[in-house]
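Visitor: Following the hints, position chain B against chain A.
2 protein chains.
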Amino acid sequence: MTKASRIAVDAMGGDEGIAVMLAGVAHARRRFPGMEFFLVGDETAIRQGLENHPNLSAASEIVHAPEVVGGDEKPSQALRRAKTTSMGIAIDLVKQGRAGAAVSSGNTGALMSMAKLSLRTMPGIDRPALAALLPTLGETDCVMLDLGANTECDTRNLVQFAVMGAAYARTALDLEQPRVALLNIGTEELKGTDTVRDAAAQLRGAAHLPLDFKGFIEGDRLSRGDIDVIVCDGFSGNIALKTAEGTARFVADLLRRAFQSSTRSKIGFLISKPATELLRHHLDPNNHNGAVFLGLNGLVVKSHGGANELGVQNAIAVAAKMVRDDLTRRIIEDLGNFEARAA
Amino acid sequence: MTKASRIAVDAMGGDEGIAVMLAGVAHARRRFPGMEFFLVGDETAIRQGLENHPNLSAASEIVHAPEVVGGDEKPSQALRRAKTTSMGIAIDLVKQGRAGAAVSSGNTGALMSMAKLSLRTMPGIDRPALAALLPTLGETDCVMLDLGANTECDTRNLVQFAVMGAAYARTALDLEQPRVALLNIGTEELKGTDTVRDAAAQLRGAAHLPLDFKGFIEGDRLSRGDIDVIVCDGFSGNIALKTAEGTARFVADLLRRAFQSSTRSKIGFLISKPATELLRHHLDPNNHNGAVFLGLNGLVVKSHGGANELGVQNAIAVAAKMVRDDLTRRIIEDLGNFEARAA
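Protein chains in written order, with my numbering: chain A, 1 to 343; chain B, 344 to 686.
Don't read these hints as lab results, they were simulated from the structure.
Please read these numbers as outputs of a predicted model, since none were measured by experiment.
Any given hint could be a false lead.
As the list claims (entries may be wrong) - As a list, the in silico SDA-like pairs of lysine to any residue whose alpha-carbon atoms are at most 25 Å apart: (1) 616/B to 260/A; (2) 273/A to 533/B; (3) 534/B to 329/A; (4) 609/B to 282/A; (5) 116/A to 609/B; (6) 534/B to 109/A; (7) 273/A to 620/B; (8) 266/A to 533/B.
The shape of chain A in the complex, shown without the other chains (with noise of 0.2 Å):
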């Protein structure tokens, strides 16, 4: 067991508490069998959640943090807290090269903050991405950044972007050539800003690269599942992403109304049950769970706040993964091979 193969688990993050991150580790550890475990918060609350799992127990050192960042506290707040604090010890352990990634149920804004401070960014990168899953229609899901660490990109942002994205999709989704599309409004060579249509010159000349870049994508294709990675702004990203969450409750919200109209269609749905479930399932956020920060001298996995145990494990299986393929190598090469073609 290298040093490398161990992720560092903020215990403490997350709104449903210690013991559903616990059970959320154990449930990973018996997918990657391989993987040990830094279980960073408090040392007694640990070893009492440990009990119910004896085997994470047995792969599992537990790393003492007195303090946990707050859901509601100001980034900056957090960050002098760093040092005390189950989040900032976990990414520390990632700095020291004792643990191969870090994983975080916790506040996002901090996290990043955090990350970005103590990993810094990869050379040549100007600034790191969150990268997430969505669901689509297709096999797998897909890969989609950046979703809010940068309001405001340029074209070099872009294309980085793409390369890191592509890169992840390939560990994540275990594509061998991701699908590349940016995200635009309109399809033609002619649309949108200058930044979106110098990225896209770029990476059409970019056919080295374990990528295949599709052009432009719209909004309304997101998830048709015929594209694997969608790059843009954090600003549209963001929105992107939150339209397409509030849209999904908003169609479900209708669904539900619409189901309890009458006592035929709640009989209907009685009946339908397990279609309705089925639908569910596929929407849950668990399943989609671990959104990544790329671009950074180390690995951190953002857990979502609300995630159960099986969105926890999903978060560590994307580390998991992250660690097995050596990730942030992988990036390095890819740029280094771009910039080198570019140059």
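Guide: Below, chain B without anything else, positioned relative to chain A:
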């Protein structure tokens, strides 16, 4: 009947043909009995079509246009043929003051280019915006703008969009004091780009205007029904709109798959069909048809290319309400008030 209460209809635009356009106008005519129409296009075809609609015939004047703008035609190319196409002639009737508004289901890019060139922007307006109605969980639709007329916007553009959007909501949604918010990636004052934050600061100071500024709105709350006017640049607005459309279709596709997954769920589906029909009705774009170009010296409404009779009727209704309320004058007044206070 004053000249201004006539609507110029491009009878040729749209994928569904002249019969659907005329049937939609005839329906609208019943809702707005005082309204009269110019029907622009192939005279013989229109005359033939009107045989089924004697009431509309009595309230209409046919204006012959020898040509039609193609659905895939480039705006620059269409512009050169403006004077001989049904779309261009309909807009020209507005310019001449003979019609209060023009409605077309044709090529959006061509319509926008022709409208801008022919009608010009209002005094003090830098850029027109494209506004549309979106379904919500609330009692009324909401207005969203800009949806793609301007890929990049400055603070002044966003503030003008807010004022124009509020004036439009007062007319289209019959609200006295529409609740207005700027689309952003968070609701705290510090979130987003300088442009969005500066626009918020200016709108917070605009208490004398007939709108209720509510700060920022995130993508996941667009359809909650607690905001009436959502303001954004055309890039993120277009992406949000299309993402919402795509996600609604995605969820509907998943639901269809789920209902087809077993005999039991197929039976449940048949029983609850009135409920899913209700959902379909609520999401049907024909119920929210009629996007508007705001900020021009004249009113132009874009109807969906695939609109059915109901959709066309709704687009005409949007135009009729704007004509009835003299929206152009209202917007000029509101902008004047805003500028006067700001100065």
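Visitor: For this structure, which hints from the list above don't hold up?
Guide: 2, 3, 5, 8
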